[in-house]
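Peer 1: Read off the chains here:
Number of protein chains: 2
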Amino acid sequence: MSILVQKFGGTSVAGLDRMRQVQQKVQAALAQGHKVVVVLSAMSGETNRLLDLARQFSSRPPACEQDVLLSTGEQVSVALFAMLLKDAGIKARSLLGFQMTMHTDSDFGSARISSIDCEKLRAMLDEYDVLVAAGFQGLDPNGRITTLGRGGSDTSAVALAAALNAEGCEIYTDVEGVFTTDPNMCDKARKMPRIAYDEMLEMASMGAKVLQIRSVEFAKKYNVPVHVRSTFSDAPGTWVTKEVPEMEAVLVAGIAYDKNQARCTLRDVQDRPGVAAAIFGPLAEAGVLVDMIVQNTSEDGRTDMTFTISRGDLERTQELIAELNKDLQAREVTFNTQVSKVSVIGVGMRNHSGVASTMFKSLAAENINIHLISTSEIKITCLIDDKYTELAVRTLHDAFGLEKHGAVCS
Amino acid sequence: MSILVQKFGGTSVAGLDRMRQVQQKVQAALAQGHKVVVVLSAMSGETNRLLDLARQFSSRPPACEQDVLLSTGEQVSVALFAMLLKDAGIKARSLLGFQMTMHTDSDFGSARISSIDCEKLRAMLDEYDVLVAAGFQGLDPNGRITTLGRGGSDTSAVALAAALNAEGCEIYTDVEGVFTTDPNMCDKARKMPRIAYDEMLEMASMGAKVLQIRSVEFAKKYNVPVHVRSTFSDAPGTWVTKEVPEMEAVLVAGIAYDKNQARCTLRDVQDRPGVAAAIFGPLAEAGVLVDMIVQNTSEDGRTDMTFTISRGDLERTQELIAELNKDLQAREVTFNTQVSKVSVIGVGMRNHSGVASTMFKSLAAENINIHLISTSEIKITCLIDDKYTELAVRTLHDAFGLEKHGAVCS
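Chains as they are written, first to last, in UniProt numbering: chain A, 1 to 410; chain B, 1 to 410.
If you're looking for bench data, these hints aren't it; they were derived computationally from the structure. There could be a bad hint or two in this list.
[Claimed, not checked] Away from chain B, derived, C-beta distances all over 10 Å, residues of chain A:
1. Ala-79
2. Leu-80
3. Ser-115
4. Asp-187
5. Met-247
6. Val-290
7. Glu-319
8. Thr-334
9. Thr-358
10. Tyr-388
11. Arg-394
[What the hints assert, rightly or not] Quick list of simulated restraints, FRET-style, between CB atoms:
12. B:Asp-129 to A:Gly-312: 47 to 57 Å
13. B:Gln-32 to A:Leu-16: 43 to 53 Å
14. A:Arg-331 to B:Asp-129: 50 to 60 Å
[Stated by the list, open to error] Coverage of chain A stretches by chain B, computed from C-beta distances (three or more under 8 Å per stretch; other residues unrestricted):
15. 46-58
16. 68-74
17. 85-95
C-beta atoms are modelled at their ideal positions from N, C-alpha and C, and glycine is treated no differently.
Using the sequences provided together with the hints, build the complete structure.
Peer 2: Written as structure tokens, this is what we have:
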């Protein structure tokens, strides 16, 4: 039995006409001889409507009940789409989280999948040609409804593909695939035919926003080939797969950026064990997501500590740091919201030197000053003034030859 | 553990303000020392909205998928109400059909309850003070969602009360109880403090519309005392219970009517075995609900056959009868839509004579002609011209002294 998983997001199921386009994709897959598991999100706008409703009823809606509420969004989508398929004479049925069964932990609102009853699903696929599965929802060990967090339907789809050992997992979305960088910012941006899981993880966390990051982790773990493509065209999109030798020949696969950054610097903090913990412990407890952290070598037992956060967390962070600094006694605390993050990403840089220096030289040539530098195995990130973001992205896109198809290192 | 089941309909949960009133009822029950199972319907208008949506997607929405769709209505209600209670510091949780578990058959759209996991529910009541249960929904033996038909939440509530051996089942609605007749039609109509299950069954089927008829059957079967009362007042409503001696002392408990009637008469049909089957078999197959059927003694091997149907089924019935009459060869077929049905109901008439003659005399005194008469053990029904409906109801209400509290037979 050849099984294909197809996932469609909220804009793809928003109304009858859109769902008819989805139906065509499903019928095309059936015509190719696949059994199809279609994973659907809530119609676009529906999740926000339900969240607004919850906020009317509770100042802080309890996550377990909010999940009961939100999961109705996907339930409506799958019931309607199953009706459409049945009307077209296709053997189809809807499938909710508790019916799959999509077992998760009890972390309501952002639950993690633990297992799927694949025997049950395979038995259903003997009887039906299409299973219309509700994305985003699962069932915890106590039999309560959970949801997987924003974009969780991607993870549902990849998990189902992994459990059913599917041929692949197609993620249909409103973009044509994964681009070397944001096409709105750089008109030379090119759709990548293929990207490695690790590269995609770095792209996604930097705001590429095409796939939920957990779904990529899941795909990597179970080696599920994921095809990101457009609902509104038949053109191939981008395959997200394990690394293959050709990928390593490419120095830089893409450029990511994030304008939603704020920087905090504590000058002349005491350089003693436990200082970092004293800062970042309370921030984590307050739910502030700290992104880059840079600490330089100390002089005279004092050091500078810099980190970045989302701009939305700025006020909370300012309050916390003011409080903490009664103990820390930094000479000065500065905040800067006029910064953004630019990264070059590529598995190829694991085996090649020179990427960092090319990046720094290119930025310098445009007079773009670098505030912070942070590196990982397959990524180099610079914090710069945010007015230079577009220029930096275009400069780096040129510098690494990304407009050329399959650009390789020199 | 003393358990009280409280059920609230669509108008009682339509919005935050209404739900706060429901919350007061629940808190009052808690204050009396009960554990509470609250059964909620979908917010008023929601089920119709979802049905309209289904019709956009399918000319004949398959019942199994329609149930998946419709059950989201109750799911939204219970999630929101559970939030409200938790916000008020009450130990509460929502409960869906598949979590109760409310086992039903697979008759999607009008499933019948087969069993409830009461041990599971009792264990939950050890942990929580309030269970907020979704009405109207169940789970079939294959693990698919079912619904119990319009008004099914009443049946959910009574079934839960029966399974949990609850003190009682309160059905909150937008009327104050069950009246001796329609107060809009007869200003002497009086709220009954108590009515027998069998009387309620006859009242309900005649359009009293306070309780789903199945819920009353269920209550009767398991002897669940049901208290029908208003969400918007604290006044006691009407208890629906098993027969007690005082009830039998009352000749007539209430007057019911139904204006949505049409009459069909086939004159001079051959009076031979199988004629009734030849008429009513095809009508039943076509889904026409036949109400009264009257056949008079035959003369010369020919007879008149009269029956009544809902006016909405008139056209379909006319077509069918025209077709059938090619074989039946009735001399004449007549239809009359200007008729309505008036009934007097009471368990007391089992043991007392004279009710029928009082009814006929009273109608005759007002010059109201009777087209058809049909009787059961606890009900006498007359079909009359519909222009006389109000007059007949008021006349009979007076004739049987129903405006007097606890009126007894003479």
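Peer 1: Each of the hints needs a verdict: does it hold here or not?
Peer 2: We went through each hint and held it up to the structure:
{"no.": "1", "hint": "Ala-79", "verdict": "violated, 4 Å"}
{"no.": "2", "hint": "Leu-80", "verdict": "violated, 5 Å"}
{"no.": "3", "hint": "Ser-115", "verdict": "holds, 17 Å"}
{"no.": "4", "hint": "Asp-187", "verdict": "holds, 40 Å"}
{"no.": "5", "hint": "Met-247", "verdict": "holds, 43 Å"}
{"no.": "6", "hint": "Val-290", "verdict": "holds, 31 Å"}
{"no.": "7", "hint": "Glu-319", "verdict": "holds, 26 Å"}
{"no.": "8", "hint": "Thr-334", "verdict": "holds, 40 Å"}
{"no.": "9", "hint": "Thr-358", "verdict": "holds, 54 Å"}
{"no.": "10", "hint": "Tyr-388", "verdict": "holds, 46 Å"}
{"no.": "11", "hint": "Arg-394", "verdict": "holds, 46 Å"}
{"no.": "12", "hint": "B:Asp-129 to A:Gly-312: 47 to 57 Å", "verdict": "violated, 37 Å"}
{"no.": "13", "hint": "B:Gln-32 to A:Leu-16: 43 to 53 Å", "verdict": "holds, 50 Å"}
{"no.": "14", "hint": "A:Arg-331 to B:Asp-129: 50 to 60 Å", "verdict": "holds, 55 Å"}
{"no.": "15", "hint": "46-58", "verdict": "holds (count 6)"}
{"no.": "16", "hint": "68-74", "verdict": "holds (count 4)"}
{"no.": "17", "hint": "85-95", "verdict": "holds (count 4)"}
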